[in-house]
Each structure stands twice: as C-alpha cells, then as structure tokens.
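**Student:** Given chain B, put chain F in place with the hints provided.
Number of protein chains: 2
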Amino acid sequence: MQYMPVTSSMFLLAETREQPMHVGGLQLFVPREGQSATELVEEVIEAFSSCAEVHPLFRKRPAPPVTMLGNFAWAYDAEIDYDYHVRRTVLPRPGRIRELLRYVSLSHGALLDRYRPMWELHIIEGLEDGRVAIYTKIHHSIVDGVSALRLLQRMLSPDPDDRSGSAPWDPALVGQKRPRPATSLRERLSGLADTGLQIAGLGPAAVKVALAGVREPDFVPPVSRAPRTILDVAIGSARRFAAQQWELGRLRAVADALDITLNDVVVGMCSGALRSYLVDQDALPDSPLVAAVPVSMHTDEEKDGNAVTAIMVDLATDQPDPERRLNSVVASARQAKNVVRGLRPLQALALGAANFAPLAFATIPGFVQYVPPQFNIIISNVPGPSEHLYWNGARLDGLYPVSIAMEGLALNITVTSTAEHINFGLIGARAQVPSLQRLLTHLDTALEELEKVAHVR
Amino acid sequence: MQYMPVTSSMFLLAETREQPMHVGGLQLFVPREGQSATELVEEVIEAFSSCAEVHPLFRKRPAPPVTMLGNFAWAYDAEIDYDYHVRRTVLPRPGRIRELLRYVSLSHGALLDRYRPMWELHIIEGLEDGRVAIYTKIHHSIVDGVSALRLLQRMLSPDPDDRSGSAPWDPALVGQKRPRPATSLRERLSGLADTGLQIAGLGPAAVKVALAGVREPDFVPPVSRAPRTILDVAIGSARRFAAQQWELGRLRAVADALDITLNDVVVGMCSGALRSYLVDQDALPDSPLVAAVPVSMHTDEEKDGNAVTAIMVDLATDQPDPERRLNSVVASARQAKNVVRGLRPLQALALGAANFAPLAFATIPGFVQYVPPQFNIIISNVPGPSEHLYWNGARLDGLYPVSIAMEGLALNITVTSTAEHINFGLIGARAQVPSLQRLLTHLDTALEELEKVAHVR
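Chains as they are written, first to last, in the UniProt record's numbering: chain B, 1 to 457; chain F, 1 to 457.
Don't take each hint at face value.
To be verified - In silico contact screen, one side only, chain F against chain B (beta carbon under 8 Å); selected entries:
1) ARG87
2) LEU106
3) SER237
Hints in this document: simulated from the structure, not taken from any laboratory.
No experiment lies behind these values; they were computed from the predicted model shown.
Glycine residues also receive a C-beta, built at the ideal position from the N, C-alpha and C atoms.
Excised from the complex, chain B in its bound form (with noise of 0.2 Å):
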C-alpha cells in the first residue's frame, strides 16, 4: 500500500456519478500500405496481449477498502485483466466519424470501476475510410491529461519502418528516448512532495479558501468577474464528444502575422465560437465570458513541459468585432501570465489551487447554484508530438483529447497538436449543452476571421 499525494486524492473525492474524473484520448491511425483496417487491429491485439509484463502505473488502484481507505492510497495488482481492460469494438454502418464520435460520448460517460485498475482501452474498427481508432480512458487521479496523451505516444515511433509495436503498459518503453515522456504534473509534484513542500503550497491554499466558502454563505471567491451563463450549471453523466483539427500552418500564419502566440490564436478561436454559440442559444450574457488556461511554468527551454497553473483570461464575448476581441483576449493572457511570471513556482502553484478550489464543491448539492463563477470553461492547449508518428508503420493521423465536463462547468475545451495539425476535444454535458457540434462550424469560422485579421487570406 503506498499513500497518494493529494493532487490524486482531489480527483477521487470530487468524483460523483453526474462528473466522472477520468481523462481521455482518441487517436487515429492509418493502416500501412497494403494492410487493412482488420489486420491492423489483429495486429495491436496481437501486440497488446502478448505484452507479458504491466507497468505499476496500470495496476494500481484504490486501496481496499475502497469506500473509506481508497481516496487515499493506492494498492496494486499483480495481474490485469485484460479482457476488461482492453475491448475491441466495431462502429455500425456507415462507419463515418460521427458514428466514432457518438461512440465515444456515450463511452466517456461510464464512471471507471474503482475495484480495478482505472483505464480502459478501445480499439476500433469499422470506420469507412479505412482507418482504425482507438479511445483511452484513464482515470485523472492516476495521469494527468498531458501525461495521459504522452503514455500514448510511448508506445509510438517516429521511424515508419520501426515493427516493434508494444502496448503502452510495457514497462520496456519507460526511459526510452523516443517520443521523449514529459515529465508529468504527478511527477513535479512527487518531487516537491518530498520535500514537504506540496502540501505547504497547495493543499492549504485551497482548503482554505475553500473551508472559507463553506462557512461563510456571504464569501466571495478571490476572482469573480465571471457572469451567469448556460455553462454554469449541474450536469448528468451523459456526454456528448465533438471534435475536428485545422491545420497547424494556418494557426501558425495567423500569430506570425499578429506577433502573437500560437496559444493566443487558439484561445481566440474559441472566443468567437462560443460568443457565436452563445448568440444562437440566445444567451449571450452582457459580461465577457472567463476562461481558465492552464499554463506551464516552465521556462522555453522545456517547451514540452506541463501546465501546472491557472490563469484566468477575458474571453471578450461581448464584443462583436473579431480584431478588438482578439486583441482583448490577448491583453487579458499577458496580463495575466505576468502575474504569475512575478510569482515563485509555490506562489504559482498556490494561485492555480485557489482559482480551482470551487471545484471541490461541485458534488456538494446545489452548490453551483449560490456560488458565482469565477470562470465558464477551462480551455486547455497540451502540447502534442511535433513529427509524425507510427505504429507498426501504422500513421498517427490524428490525436484528440476527451477531457472532462463537471458541476457549473458543462463544457471543456481541450487542444493538442500533431505534426501538422491542431486537434480540438470538445466534451460537453450531453443534455446540459445542446447543439454541441455546432461549435465546430463556428470554430472554423472564427479561424477564417482571424485570418483575415491578421491579412493571411
């Protein structure tokens, strides 16, 4: 039995059957030429099951009893059964990506079994344009989501002619170079445990606040600019997955034309989608939306690093003209990741803890409901693998993330990049947020503003 940092625990607790805590990915792959979708999946199967030994990281679980020891620590299993674990599965007819995408929502919606490991694997077939896919999930207590896409890529190689496929629990893949594993938030924070500091800079921050909350009907949460929306609301479990990808170029001319990031663009994007969507439910509110971005603190030199803050950043909603929105959206980034540059890592730290705290009350009953938002949605950028990729000589065509959904925060909007591509994960309550996948037409029409903005088209 080993205990479990609180940044694990946290993920357990806030756990409720309406807002399951696991972190997903979809990932799309192109048979090597001359073989068919069929032999590939026999073939990962193949690979899969024949891996005789299992990373400690897919077996651990919630320490027995699970109901009152299990939020706290880990034990771990010699053994993983794998025909739970690992499902093959075949899309009905016709096959095309919104059969893959309903798949995935009603999947994504099914809380994990504490009793086992917390992860799933799906491979899938049946997509008519021969490619295969396949679905993680895994619960956020064990990787966070920029960890849990980089396990996927372990198993991945950039040489196509590379055969040796192995599943991503091979415990051979770990230290290998390849697709370099970023150093994960766990990892961070393990370290900063050991010495006492994690739960000096981020558990009390948050409990505090947080214990403040609860004692106080009157307390008002350090940020609250945020207005009402249609987002802020309690949520069932039920989900509904969206997602498309542009590609990189675009977004990149777009912020070398603006001297601006290729976060900034991608941020701006969701800014005109969501005013837009707004607009089309009739429930724009007169204030901007507040959008949390979780950012990196690392410095440049470790560009592939994780998020491990928060900044909070004005979405600018209210304001009908692409450029004036853009360049509020971009104002409020800077302004707010110079706070946190000013700020010691625990400082940071800290920050991000308090600005996230009301998420430990989303399974108090009707606690969305007196609690003024401090901000709408959470849009994340996870940095993705910048060559492409293979499996098997198998082409990694395309790298979504699911994210999760929660109490007050019915959408998350979750990005990653692939060698030539962004990839937008749009995860949203299926009955909470309606018309889910019109945001990916109004994505789409908020780059083609942008780029006219910027004179790049």
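**Tutor:** Showing chain F alone in chain B's frame:
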C-alpha cells in the same frame, strides 16, 4: 412532478457506483426467411425511430434537483434523446456468443444517467450465427424485473405474419391483449397505496428491522442461518454475465416424474451447480447456503403474476448426494411457502421486506463485513411467454434476464421461460466471482444428475 412510492425510492437510495440498480434483458432473434441480420437491424431501427409518441414510463426520470429531490419524486421529459437511449452496435469478430456476453457484461456495469429517463436499448449485430440481439437496461425504480421482461414482450406478436412491429415504448401497444402484460408489482403496490396500506405494510417493517440493525451492534436479523461464503463480499462495479438455455421438456420431465414444481427443478439445478462451483473454488462452507427465492402470492388462476414476497430456501449444498440434496431443497421450499400462504397478503409483503432489509444498508461502508448474511444468493424465476413470439416475423429465440449483483450478494441467478426453453441468466461481480461461466457447465451436470434421480434419462 409526482411523488414516487417507497418501492421506487429504495432502489434509487440503495444505488452506488459499485451497485447499479438496473435490470436488463437479452433477447435473441432469428431473422425471417430471406432476411439478413443487417436488414432486420435496419428494420428495427426504422420502426423504433418512426414511433412518434413515447409512453410516459419511458419519459419519466428523477425530479430535479436530482441529488436532493430525485430520490423521491418523478419528472417527465417531453421528448427523448433517441440517439442516446437507442444504441446500434456491432460485435467484433468472430461474433460468437462469447463476444455477445462480453458486450452485455461490460455494458451492465455502467450506471444509468439520472438526468434523463433511466433506460437504454442496444441493438446488436455481428453474431456469426446470423441472429440479432437486443440488450435492454432499465432502472429497477421504474419497473421490477418481471415487468421489464413484459415490456419487451409487448412489442412481440404470436403471429409470424404480423408486420405491425413497433417500439416497446409505443403508447399504442398498452392495453393490447397480445402477450398480456401482467399486473406488475408496482401496479399492485400502487393500488395498495391508495388505501394507505402500502406504507403500513412495507415501509415500517423494513425500516424497523433496518434501524435496529444500525442501532444495535450485536443485532441479529430475524432469520440468520446463512453461512459466510465467497459471495458475501464487497463488490466492484464491473460485471460478468453468463447465459444458457435448456429444453423446457427436460425440466418438466423431472418435475412430473418426482411430483415437484418446475421451480423446484430450477432451484435444485442451482443447488447442485453452486455446490460444485464452491468445491472448485475450495470454498464450500460446512453449513448449507440459503437462497432468497421471490414467490408469487397470486392464486393458481393468475399463473403469470409477479413475485411479491420472498422465501428463504435451504440449498443443502453440504449434501453430496444429488437425490438427498434435491429432497432437502424441495422440503425447505414447501415449508417456507406454507408459512407465506398462512399469512395475509400484507403480512407476507412485510416478511419479504424484512428479509430484504439488509440490502438497504449495503451502501454503508463495511456493512457486509459485520452483519451476518440472511441469505447468500437470490434465485428468481420469472415467468416468460408460453408461445413462440415474433417481431415482424423475426422469431424470439432466447430471452435472458440480466439482474443485479449487490454488496454481499455478488452473484444472482435469474431464470425465465420461453416457448420451449428455460433461460438462465447469471450476473456476478467480475473481480469477486471468479470463473462465473463454469457455473453453466455445473448447471448442465446438475440437470443430468436430477434426470438420473428421476429416472427420465
């Protein structure tokens, strides 16, 4: 909004992530002459989706706010999200029964969303034998197991040429006489509730026994002969489902030769199979297992009535001789039924409630560890259709109940009849009931033993 009877509330209150309280059914259909499985699936989907109206039973859901009021009152949705509730799916190759049972196992462990009507219907293709399966799950707060199976039958016809096949939620089907929907437990109790007797008869009896159990650490429930077994354990949410059918004629021959009931033969088979299984697992207790067997309080004229109370049957698993074992089981069942017959209906209901009272406490951590079990397993025999039934000419070829495993009751056996078969559905907690499928072999062996005892083979 409509307040719900206590018999509905108890299934919502007792539900946890490890103990979903929905019941299921697995139907297998043979496409009509000249029709492919895919054609049948598409015909079903077309008919289901073109059903304009939806019966209120399929539109009701826990009233908002779900976390507070939702356990005690119903709300009704105006429309249903068809794309969510009705799921077309394809089995992976080779499409054996094994792949089908695996699909049901994995689906049955997932909770239903309380923010929408609590049911799902999965239309499953890809079986190598050319049949089409329909797996349904519906929350026990909405219907009991018997009514759930009847709901499915409502859409079927005894006429193979009937082409008016509709969806089970078609309001036009209600009141039609073909496969007569029996009075459900719910309907019966609602009738009682009108006179205020339901609360008097069921609620307080369970509550009184239950409260005593909480207040007195050394409280002994009214019946407590059952030994500790490997089935009386805390369980995870993952399930394993196994199913098999036997010819009704074989069981009837045994019953007739020995002058016992068909249900005696079913319980006798379970008794023999459980003994062999526990011997396999090196876990046979010295004293015999006790089964809770729901029984009907209807008179013989209403043969297809529902189970409304439960008797405790000594399974004589300590007895190695098949003949002696069967005799003990039959004698125990007769005695228990005589007790029930001597009671007035409300007293019988109260006895059933008291017998089942500990179930309400399964959500208290560690409860199963210190309260002695009153029974080790629930064995239900749900009457099914006595004639061949068809949906647009596709013949119903198998009908398997998928019931509920609970903390302390890690295995459940539910049986139903079709025109020529007895169909066994076994549902168990996946990690806690090892090698569940071996019970099918043991059931087969047990039937052969009983045939020898009855000299019919």
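**Student:** Does each hint fit the structure? Answer for all of them.
**Tutor:** So, going through the hints one by one against the coordinates:
1. ARG87: holds, 7 Å
2. LEU106: LEU106/F check passes; min Cβ-Cβ to chain B is 7 Å, inside 8 Å.
3. SER237: holds, 4 Å
Going down the numbered hints, you'll see the structure goes against none, and every one checks out.
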